[in-house]
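S.K.: Protein sequence lines correspond, in order, to chains A and B.
Heads up: the first sequence at position 83 corresponds to 83 in my numbering, and the numbers run straight through without jumps.
Heads up: the second sequence at position 105 corresponds to 105 in my numbering, and the numbers run straight through without jumps.
These are computed hints drawn from the structure, not numbers from a lab.
Bear in mind that the values here come from a model prediction, so they are computed numbers and not experimental data.
Mixed in with the good hints there might be a few duds.
Distance condition first, Cα-Cα at most 25 Å in a straight line; then the derived DSS-like pairs of lysine-lysine [what the hints assert, rightly or not]: (1) K5(B) with K12(A); (2) K189(A) with K90(A); (3) K154(B) with K57(B); (4) K42(A) with K5(B); (5) K42(A) with K154(B).
Simulated restraints, written as ranges between beta carbons of each label pair [unchecked claim]: (6) A162(A) with G56(B): 34 to 40 Å; (7) G25(A) with E18(B): 44 to 50 Å; (8) R44(A) with K5(B): 25 to 31 Å; (9) A162(A) with G160(B): 55 to 61 Å; (10) A228(A) with Y94(B): 57 to 63 Å; (11) E18(B) with L45(A): 27 to 33 Å.
Covered stretches of chain A (chain B as the covering partner; in silico rule of three or more C-beta atoms under 8 Å from a C-beta of chain B) [as the list claims (entries may be wrong)]: (12) 95-105; (13) 240-254.
C-beta atoms are modelled at their ideal positions from N, C-alpha and C, and glycine is treated no differently.
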Amino acid sequence: MTPGVFEYHRPKAVDEVLALLGQLGDDAKVLAGGHSLVPMMKLRLAEPAHLIDINAIDALRGIRQDGAAIIIGAATTQAEVIASDLLVAKCSILPEAAAQIADPQVRNCATVGGNCANGDPGNDDPAIMMALDASYVLRSQGGERQVAARDFYEGVYATVLADNELLTEIRIPTPAAGVGMSYQKIKRKVGDYAIAAAAVTLAMADGRCADAAIALTNVGDTALFSSAAADAIKGTSVDAAAIDAAAQAAMAAAAPAEDLRGTVAYRTAMAGQMTRRAIVQALSRATGS
Amino acid sequence: MSSQKISLTINGEAVEAEVEARTLLIHFLREQRNLTGPHIGCETSHCGACTVDLNGKSVKSCTIFAVQADGGELLTVEGLANGAELHPLQEGFYESHGLQCGYCTPGMLTRAYRLLQENPDPSDDEIRIGISGNLCRCTGYQNIVKAVRYAADKINQAEGAD
């Protein structure tokens, strides 16, 4: 399997990428880790005339604290996420989830930006970014805008990212100390996409859930942010009844397709089950029990 | 047809070549360099038979373009042995029956090589996680894990003796 013919660009700076995107528009695709794009090109499902490789641009890599936000460069690999002391200490949901993405070789290439921007509902980072209320920094020659992860996704492989824009970094409001978080994913085997997965963040105060966010992976056309599921536990002691109500709300939000990973009923049930498990683990982390 | 020059180091040897932009690294290695150790298995980045070491990291060469290796340092299974002397991993696969048909073996060896650089004394579980991107369809994982363990012990003993 060999991809179609294309012209290869390896710019050294973001401005060069933006100039190329401005000039080439949808004739060009951005190559980050390539582990979604290159297989699509081999199948000729994608046949870009130009490929813009962003791997030589150091400014797009790295994980750092910037005031109240954690910034992840779009070309940062999943292996770098796993190895990040900053994320392990302050945003453990990301390295824990990254360890469940693909396999070691793929994680050496696959990037957070690709995972977020690709628009594949099977990708794991979108739901997590929704739960963390992250924003995506999108740049073009015309300027820069920030779009909340919760507003970014429109459908399968459809996002608000314009043809002339590049996702340069992801900004995550640093979770306060005491926020519990968990990503629970059920999959058939190493490297597979989720049958269903749930990302949960929650904070407790005086024995009550003061804040929560819940989002689901691979049970709809996009990652699904479920306010109803989070509302079911907010203000409660997060007892069994509240957790059950949240799981029911997650199942109501889920609209999976039947595929090799299971029937609609099974995948819907797993969306509920992953929500339960993620709430239980996030709660235990929030309360230190 | 857009082709371009690349220069890189392969198994310690400086190489210059001309490749089409769309040439995958695995095709470049096998067809232009006659390095047929890295195998083409699934061609979809699942099986790991094409695993090589690029700039100190294990990667699947079926999902990287040769142009992306420009300026890089590459190791394939052909670069593991020291002349006629097998690498401890190769010896381990031989001694522990770590292969049956052998198709996955070059990828297993290059992946295990990097795993032992990253973690010189892995537990069996860490070995299994470390090679989770490499499939063996003879289902010979038990002996592959033993083979990696054999190599780790041998390397660590040799270093301890220094």
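S.K.: Mind listing which of the numbered hints don't hold for this structure, in increasing order?
M.R.: Hints 2, 5, 7 and 13 contradicted; others consistent.
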